[in-house]
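Novice: Below are the chains, spelled out letter by letter.
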Amino acid sequence: MNDTAIGSAVELRFKVAVERAVRPLAATFARKRMLREELLAHLHSVYYDVLADCSSPEEACQRALARFGNPRELTRELQHSVPRSDRLLCKAQWTPRPADLTPWGILRWNLVFVVGFNAIMFAIISVLQWLEIGRSQPSPLYGLSVMALCSLVVFYPFQLLAMRLGELSLGQHLVWNRWDQESRRLLLAASACFPIWMTLIYWGLAGELTIPWSLLWPAYLSGLVFGPMLAVVQGRRFIEDRRYIEQWAALAIED
Amino acid sequence: MSEISGDLLRGHLDALILSVLERGDAHGLEVLNRLEQSGCGLLKLKEGSLYPALHRLEANGALKAVWEEGDHGRRGARRRIYRLTPRGHRALAKGRAQWTQFVAVVGPILGAPA
Chain A
1 MNDTAIGSAV ELRFKVAVER AVRPLAATFA RKRMLREELL AHLHSVYYDV
51 LADCSSPEEA CQRALARFGN PRELTRELQH SVPRSDRLLC KAQWTPRPAD
101 LTPWGILRWN LVFVVGFNAI MFAIISVLQW LEIGRSQPSP LYGLSVMALC
151 SLVVFYPFQL LAMRLGELSL GQHLVWNRWD QESRRLLLAA SACFPIWMTL
201 IYWGLAGELT IPWSLLWPAY LSGLVFGPML AVVQGRRFIE DRRYIEQWAA
251 LAIED
Chain B
256 MSEISGDLLR GHLDALILSV LERGDAHGLE VLNRLEQSGC GLLKLKEGSL
306 YPALHRLEAN GALKAVWEEG DHGRRGARRR IYRLTPRGHR ALAKGRAQWT
356 QFVAVVGPIL GAPA
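Sequence lines, in order, name chains A and B.
Start counting the first sequence at 1; every next residue gets the next number (my numbering).
Start counting the second sequence at 256; every next residue gets the next number (my numbering).
Just so you know, these hints were derived from the structure itself, not from any lab.
There may be inaccurate statements among the hints.
Here are a few chain A residues that sit away from chain B, every Cβ distance over 12 angstroms (derived from the structure) [unchecked claim]:
id, residue
1, Ala9
2, Phe14
3, Cys54
4, Ala123
5, Leu251
On the chain A side, residues computed to face chain B include the following (Cβ under 10 angstroms) [what the hints assert, rightly or not]:
id, residue
6, Glu38
7, Gln62
8, Asn70
9, Glu73
10, Glu77
11, His80
12, Pro83
We put the CB at the ideal spot given by N, CA and C, even for glycine.
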């Protein structure tokens, strides 16, 4: 048999088989994505394994799909391996639709997420601070508004720019290499600290606490450095997500 | 001899997978192939049984999975490579001990001692 790459018709049939198994699963977006990629790679490997013994790519495709089995059965089996936490999380998770994945749509969702997350963190910090100091602090709403403003000023223009650039590169193949994954973890960890930095800044501005400059400047600096970096990484991630969702959601999986 | 599949493998599948991964890291299809080769073609395992078992073992900490880096001249999507962890080695030792005990107890009852 010749040494050709998988044709688009064969690739489509493989993707439909994978999607039939994965789409009905009660699992998080990330788990489904992992499953799709793993099962598709499996079909590719089987296809290339049997291709040499087949008279045509069509025959190799049929043998690969026959070996893959009934996607409905695979769904049932896979569902048993989905952890309970994952099943619960998927109910609360917002799964973006292709229509939501415009720069403005993403921006809106991120605004809700970041402001909400910061509000929760700030509330926790405020309560802890109040308990420790034993007297009420200035209105938390003031601090919240400062945080939201800082988030918007530092984070969103960069994210919008990153997504616009990402849109321009939609035709190109972006690959997440190891550096990307590591930096994403680092930056997500940094973003989790964002409310703490903002609280430090707020306390410093309100003059409620005397914070040494040696502690404040890393907070300012890291906010200014990590904010834009996180925006760029998130922008790229969402563009990749959009391409990914468009590709799989378009598949008709009905028999 | 007839093929061994489905329910006959259930209960031993985890230990079988751990055992073939003891020989070296492998992706899902390679695990299937190793099992079939080791079983002289008589072991038949479907993807529907393999991947849930691999994911269960990964969730238990017996396996660690990483995405393949680079295509190494290979065609197709990148694959997930499974590796035995220290906990997996311990689970395999336990699985072997359980199997030995199972055969020692059930074999004489069936009139087919090991």
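Novice: Minimum C-beta separation from Ala123 (chain A) to chain B exceeding 12 angstroms: can you confirm that?
Specialist: 33 angstroms, holds
Novice: Return the status of the interface hint for Glu77 (chain A): holds when the least beta-carbon distance to chain B is below 10 angstroms, violated otherwise.
Specialist: 4 angstroms, holds
Novice: Leu251 (chain A) clear of chain B by more than 12 angstroms, beta carbon to beta carbon?
Specialist: 15 angstroms, holds
Novice: Does Glu73 (chain A) meet its interface restraint, that is, does its C-beta lie within less than 10 angstroms of any C-beta in chain B?
Specialist: Since chain B brings a Cβ to about 5 angstroms from Glu73 (chain A), closer than 10 angstroms, the hint holds.
Novice: Does Pro83 (chain A) pass the interface hint, meaning its C-beta sits closer than 10 angstroms to a C-beta of chain B?
Specialist: 6 angstroms, holds
Novice: Once the shortest beta carbon distance from His80 (chain A) to chain B is found, is it less than 10 angstroms?
Specialist: Holds: closest Cβ of chain B sits about 6 angstroms from His80 (chain A), inside 10 angstroms.
Novice: Does Ala9 (chain A) really sit off the interface, with its C-beta more than 12 angstroms from all C-beta atoms of chain B?
Specialist: 16 angstroms, holds
Novice: Per the CB criterion, is Glu38 (chain A) less than 10 angstroms away from chain B?
Specialist: At about 5 angstroms, which falls below the 10 angstroms cut-off, the nearest Cβ of chain B leaves the hint on Glu38 (chain A) intact, so it holds.
Novice: Evaluate the condition: distance from the CB of Phe14 (chain A) to the nearest CB of chain B exceeds 12 angstroms.
Specialist: 9 angstroms, violated
Novice: Can we keep the Asn70 (chain A) interface hint, with Cβ of chain B closer than 10 angstroms?
Specialist: This interface hint holds because 8 angstroms falls under the 10 angstroms limit.
Novice: Does the interface hint hold: is Gln62 (chain A) within less than 10 angstroms of chain B, judged Cβ to Cβ?
Specialist: Violated, because the Cβ-Cβ distance from Gln62 (chain A) to chain B comes to roughly 16 angstroms (cut-off 10 angstroms).
Novice: Say whether it holds or is violated: Cys54 (chain A) keeps its Cβ farther than 12 angstroms from all Cβ of chain B.
Specialist: The claim holds: Cys54 (chain A) sits with its nearest Cβ about 15 angstroms from chain B, beyond 12 angstroms.
Of the numbered hints given earlier, the model fails hints 2 and 7; all others are met.
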